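Put together the whole structure using the sequences plus the hints.
Residues per chain are reported as follows:
4 protein chains.
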Amino acid sequence: MTPLGTTLWAVPGGRVPLDRTGREPEFTSFDKLSVLNAGDADAHLELAIFHPGRDPVGPYKLTVAARRCRQVRVNDLIEPEAVPLAEDYSVVVRSDVPVVVQFTRQDTSRAANALCGAVAFAAGRS
Amino acid sequence: MTPLGTTLWAVPGGRVPLDRTGREPEFTSFDKLSVLNAGDADAHLELAIFHPGRDPVGPYKLTVAARRCRQVRVNDLIEPEAVPLAEDYSVVVRSDVPVVVQFTRQDTSRAANALCGAVAFAAGRS
Amino acid sequence: MTPLGTTLWAVPGGRVPLDRTGREPEFTSFDKLSVLNAGDADAHLELAIFHPGRDPVGPYKLTVAARRCRQVRVNDLIEPEAVPLAEDYSVVVRSDVPVVVQFTRQDTSRAANALCGAVAFAAGRS
Amino acid sequence: MTPLGTTLWAVPGGRVPLDRTGREPEFTSFDKLSVLNAGDADAHLELAIFHPGRDPVGPYKLTVAARRCRQVRVNDLIEPEAVPLAEDYSVVVRSDVPVVVQFTRQDTSRAANALCGAVAFAAGRS
Numbered sequence: 001m002t003p004l005g006t007t008l009w010a011v012p013g014g015r016v017p018l019d020r021t022g023r024e025p026e027f028t029s030f031d032k033l034s035v036l037n038a039g040d041a042d043a044h045l046e047l048a049i050f051h052p053g054r055d056p057v058g059p060y061k062l063t064v065a066a067r068r069c070r071q072v073r074v075n076d077l078i079e080p081e082a083v084p085l086a087e088d089y090s091v092v093v094r095s096d097v098p099v100v101v102q103f104t105r106q107d108t109s110r111a112a113n114a115l116c117g118a119v120a121f122a123a124g125r126s
Numbered sequence: 001m002t003p004l005g006t007t008l009w010a011v012p013g014g015r016v017p018l019d020r021t022g023r024e025p026e027f028t029s030f031d032k033l034s035v036l037n038a039g040d041a042d043a044h045l046e047l048a049i050f051h052p053g054r055d056p057v058g059p060y061k062l063t064v065a066a067r068r069c070r071q072v073r074v075n076d077l078i079e080p081e082a083v084p085l086a087e088d089y090s091v092v093v094r095s096d097v098p099v100v101v102q103f104t105r106q107d108t109s110r111a112a113n114a115l116c117g118a119v120a121f122a123a124g125r126s
Numbered sequence: 001m002t003p004l005g006t007t008l009w010a011v012p013g014g015r016v017p018l019d020r021t022g023r024e025p026e027f028t029s030f031d032k033l034s035v036l037n038a039g040d041a042d043a044h045l046e047l048a049i050f051h052p053g054r055d056p057v058g059p060y061k062l063t064v065a066a067r068r069c070r071q072v073r074v075n076d077l078i079e080p081e082a083v084p085l086a087e088d089y090s091v092v093v094r095s096d097v098p099v100v101v102q103f104t105r106q107d108t109s110r111a112a113n114a115l116c117g118a119v120a121f122a123a124g125r126s
Numbered sequence: 001m002t003p004l005g006t007t008l009w010a011v012p013g014g015r016v017p018l019d020r021t022g023r024e025p026e027f028t029s030f031d032k033l034s035v036l037n038a039g040d041a042d043a044h045l046e047l048a049i050f051h052p053g054r055d056p057v058g059p060y061k062l063t064v065a066a067r068r069c070r071q072v073r074v075n076d077l078i079e080p081e082a083v084p085l086a087e088d089y090s091v092v093v094r095s096d097v098p099v100v101v102q103f104t105r106q107d108t109s110r111a112a113n114a115l116c117g118a119v120a121f122a123a124g125r126s
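Chains as they are written, first to last, in the working numbering: chain W, 1 to 126; chain X, 1 to 126; chain Y, 1 to 126; chain A, 1 to 126.
Warning: the hint list may mix true and false statements.
[Stated by the list, open to error] Quick list of in silico lysine to aspartate or glutamate cross-link-like pairs, DMTMM-like style, CA-CA up to 25 angstroms:
1. A/K32 / A/E81
2. W/K32 / X/D88
3. A/K61 / Y/D40
4. A/K32 / A/D42
5. A/K32 / W/D55
6. X/K32 / X/E87
7. Y/K32 / Y/E79
8. Y/K32 / A/D55
9. Y/K61 / X/D40
10. X/K32 / Y/D55
11. W/K32 / X/D55
12. X/K61 / W/D40
13. W/K32 / W/D76
14. Y/K61 / A/D55
15. W/K61 / X/D55
16. W/K61 / X/E87
It is worth saying that the hints were derived from the structure and are not from the lab.
All values reported here derive from a predicted model rather than from experimental measurement.
Shown next as structure tokens:
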């Protein structure tokens, strides 16, 4: 299959909800990035987390194998530093081969699930 | 009407919720693809389901008649094999004529409906 | 202000929820189209509603005045015929001047509000 | 980092929910704009709020520092005038340098959180 997507993605509106209700792990609150690598080469991703009051942090490195999808909770990004909960952030994803990126939030802080999601902004084919 | 849309679509963030609450069939949990074929020729679609740990599965074949819309629950895709519940997946849709694809999730696992939806990523006009 | 947007929009995944809970009119279930006409000329819109099992119906005619926004509940589209509740549909919007179209669903059928929304698919600049 | 995004964005479907339930400030109802400025120059934004029955109001001025993100609740836009609650509006964002804009609504009016979000319509690269 030919590669599909682009190599630069942005999600401005990140904020991992602090609270949760319900059993783990299904009903944890999270922000999630879903990455599809439909191509025949592994994708090496570098994420940068932007903050309101300090310089961006990164790179957070991820690999998505060829012809695989991978969903990553932002809560689980801890190297070079954990993404703070309940604080605004933006994330920029760069990949060495084309991928497609989607963002989803599950907020279980109030005894029901709330979901929101969107395909990330396809910023370019750099 | 002239054809509208494109022929290659991707949704990275699939995951059919396992649990449900409430009466069937309205309040089942599901991932759904909505396809609009506004053109004058039938659209023959081939879906590929990508997984985190194995090769993609497909093609799942669907036809959307000319000047019709069709909404398909991912839960109902069973040939060549059922899409596993509560597991991450991505889906790529190829059509022989231009269509428009939207993705919606309804999660009823916790006694309220949660919805999220987005127009899929329009990957190309191949 | 110069016109902003495009003249052809599509929303594949329509379905007006049948049930509602809570007080009227805030907590009615609805599908809604939000149209922004940032330009200096009135926008004359023609909507076509596509169905799974019969030919598309339309045009539904709407005007959005220059430098105004307008939000229209699909539930309120009754001429040439009401859009059936709890049935799948797609909608195509054509405008004689550029506009921006967004789709939102509010589902109050289960004692909580569920929302989903997306900017519609910008199909062309015809 | 090279600038990322574009300079003109539109969100047609604004409406700040009137009611709220739950503790402040986490569970306030709000419409929020999330702006990412990944570039090396400060971004000076001018927002215009469009209304259904009167001329647009603005500019609302915001600065997003270089290499920073900023999330702004529409509820907090008060100069030149507060955005009315529970009334339809659209918002157009112009920036002097490229940014990425996302829109999120949190509706807590009924004892659960409802979220919806979408990347705004990237209207141009002017």
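Hints, one by one, checked against the model:
no.	hint	result
1	A/K32 / A/E81	holds (17 angstroms)
2	W/K32 / X/D88	holds (12 angstroms)
3	A/K61 / Y/D40	holds (23 angstroms)
4	A/K32 / A/D42	holds (20 angstroms)
5	A/K32 / W/D55	holds (22 angstroms)
6	X/K32 / X/E87	holds (15 angstroms)
7	Y/K32 / Y/E79	holds (16 angstroms)
8	Y/K32 / A/D55	holds (22 angstroms)
9	Y/K61 / X/D40	holds (23 angstroms)
10	X/K32 / Y/D55	holds (22 angstroms)
11	W/K32 / X/D55	holds (22 angstroms)
12	X/K61 / W/D40	holds (23 angstroms)
13	W/K32 / W/D76	holds (9 angstroms)
14	Y/K61 / A/D55	holds (23 angstroms)
15	W/K61 / X/D55	holds (23 angstroms)
16	W/K61 / X/E87	holds (23 angstroms)
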